[in-house]
Amino acid sequence: MVYQSIINMDQLTFKFPFSKKYYEQDFFVSSNNFSAFKLIESWPNWPGKWLNIFGERGSGKTHLSKILEKKIKKTKLIESHNVDNKIIKEMSEIECLIIDSFENNIDENLLYSILNQSKQIDNYLLINSTSSINNMFKLKDLKSRSNSFIFISIDLPTDELLKVIISKTLSDKQISINPKLTDFIINNVERSYENLFKFLKDVDELSLSTGKSININLIKKILNQ
Amino acid sequence: MQFSVKRDVLLKSLNFVQGVVEKKNTLPILSNVLLQLKDKKLSIVATDLDIIFYDEIHDVKIVNEGSTTTSAAILYDILRKISSNSELNFELKSENKLSLKSDNSDFNLLCLPTDNFPTFADEFEGHEISLNNSRFLKLLNKTKISISNDDTRHYLNGIFLHLTEAHGRQFLTGVATDSHRLSSSSLEIDKNDFNSLILPRKTVFQLCSLLAETSDQLTMQSSENKIKFTLGKMKLISKVIDGKFPDYKKVVPTSNDKILTVPSKDFVSSIERVASVSLDRKEGVKLAINKDNVQLSVNSANSGDGNEKIKAEFSSDNLNISFNSKYLIDIASEIEDKNLKINLKDSVSPVLIEDLSDKNSYYVIMPMKI
Chain A
1 MVYQSIINMD
11 QLTFKFPFSK
21 KYYEQDFFVS
31 SNNFSAFKLI
41 ESWPNWPGKW
51 LNIFGERGSG
61 KTHLSKILEK
71 KIKKTKLIES
81 HNVDNKIIKE
91 MSEIECLIID
101 SFENNIDENL
111 LYSILNQSKQ
121 IDNYLLINST
131 SSINNMFKLK
141 DLKSRSNSFI
151 FISIDLPTDE
161 LLKVIISKTL
171 SDKQISINPK
181 LTDFIINNVE
191 RSYENLFKFL
201 KDVDELSLST
211 GKSININLIK
221 KILNQ
Chain B
1 MQFSVKRDVL
11 LKSLNFVQGV
21 VEKKNTLPIL
31 SNVLLQLKDK
41 KLSIVATDLD
51 IIFYDEIHDV
61 KIVNEGSTTT
71 SAAILYDILR
81 KISSNSELNF
91 ELKSENKLSL
101 KSDNSDFNLL
111 CLPTDNFPTF
121 ADEFEGHEIS
131 LNNSRFLKLL
141 NKTKISISND
151 DTRHYLNGIF
161 LHLTEAHGRQ
171 FLTGVATDSH
181 RLSSSSLEID
191 KNDFNSLILP
201 RKTVFQLCSL
211 LAETSDQLTM
221 QSSENKIKFT
231 LGKMKLISKV
241 IDGKFPDYKK
251 VVPTSNDKIL
261 TVPSKDFVSS
271 IERVASVSLD
281 RKEGVKLAIN
291 KDNVQLSVNS
301 ANSGDGNEKI
311 KAEFSSDNLN
321 ISFNSKYLID
331 IASEIEDKNL
341 KINLKDSVSP
351 VLIEDLSDKN
361 SYYVIMPMKI
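If you read the sequences in order, they're chains A and B. All residue numbers for the first sequence refer to the numbering used here, where the first residue is 1 and numbers rise by one. All residue numbers for the second sequence refer to the numbering used here, where the first residue is 1 and numbers rise by one.
Simulated from the structure, these hints should not be mistaken for laboratory data. A quick note: this is a predicted structure, and the numbers were derived from the prediction, not measured. A few of these clues could be false.
As the list claims (entries may be wrong) - Facing chain A, a subset of chain B residues (Cβ under 10 Å, in silico):
1) F117
2) D151
3) S179
4) G243
5) S322
6) P350
C-beta: ideal position from N, C-alpha, C; glycine also.
Model the full assembly from the supplied sequences, consistent with the hints where possible.
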């Protein structure tokens, strides 16, 4: 079933802050993300200095970046939309620059300068994006530079991975559900990271708004929207 | 084992036991109450494996020491029906038969040996904190209204007890929330160490019954995953909830500057009346707030509508806002002052409700969509 949209809710709820946890032991290695995980784990023994990991939102790219961030002493992890000229200067003090959530939202000249700086000081660069950055650019020189990246994709999730994602997403929010419900969700929600996260968010919100526990009826309510 | 005891004394203790013992148990021994005669006293113990209740009765005539366990519910039911002040005579006839005689009554109750009754370590590393009995009861009563019933979010199924400081004084603060509303109440205590914990709902309700019935000195002592309350001869030991309470201060409004002042009793009565048109209480009560009055209305597609106007003071321009009527009633019923001070921002942001007669308690409630 393709899950579409959210239900109408009347009772507004408190928005308590919950932090996502990115422990290495929590990263579930499955056939779809094996290559990406192996490469992150094997740092600094990469075949090249520049890596582009691409995959759907929620496929674990940020989690892998956090794992890499912990491995390297001098590193900087930055959201793509926060990248500006200052980064060029900062790069000389770090071993690896990690740019997360890249959606071709960095000025191409700036990105070209970043790549040049990285090449000059010989440090590592990881760019996470939803699709491959190869052939993404208009600037000729940048296009040519981007060919030097190692490209690794994270594919659609396996059943086992979906189970882990459900369990981790809920446990980050201190929610515990019956394991049978996990199987039911996997069998009924479209196999995509984004869809699953949206589904879990809606289940959580409906449960909070109605004050009811997450059970089969509540899940069916969301599925039937 | 043979002893006699006054019916009223034992009944009082068994009344508390009822709040602990689960009615449906997979382990039969957990439906039973442990009666132990030793050292010139009768010890009474009940547990559901999460909470343990101990009591001691010294006003007992012991013929032979010994111990047994028997159904807590049946023994309680019999004692309830025996006339007040009767003398109860117990005798353990065999390993599985307890005789109870009183006046003209003669019962033989089935028993289970005490060997399988769970035992618990009674070791606590934390400091013993003395608490004012009635103030702590007030704290529990004011906060328990907001405990969540959602068992998939166990961390909200209790009261978060922790230390807070204000003006160089230390407080024991209780906070509960179900994500729709939040209650906080504090009581001043002597400087102490106390590791914050979440007290489970069942323990909260059991404590409330105990505190309401006795004026004995209350002490509290905790360790990593359990807490002990001592009230005279009674002890209640409970596991605490294994979870992290949310950062509740983030949702407490600090800049709501539109102040509504309404008489507490009138407000509650008015809500109760207009909410009568909503049988399932699903429709919210809408408040149309003006400078000098509040118009309350409930509109139900199935049963009609109810409207009422009460006098009030509002420091801002007109504002419309909607709430779950039960939440407003629950909170307003806990307010000690004759007026409710409601601090608003707009129709969708958290609303702070203060009690002018109890500066140590406050409530936060989320509106409903209009």
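Taking the hints in turn, this is what the structure says about them:
no., hint, verdict
1, F117, "30 Å, violated"
2, D151, "5 Å, holds"
3, S179, "5 Å, holds"
4, G243, "5 Å, holds"
5, S322, "8 Å, holds"
6, P350, "7 Å, holds"
The structure fails to meet hint 1 from the earlier list, while all remaining hints are met.
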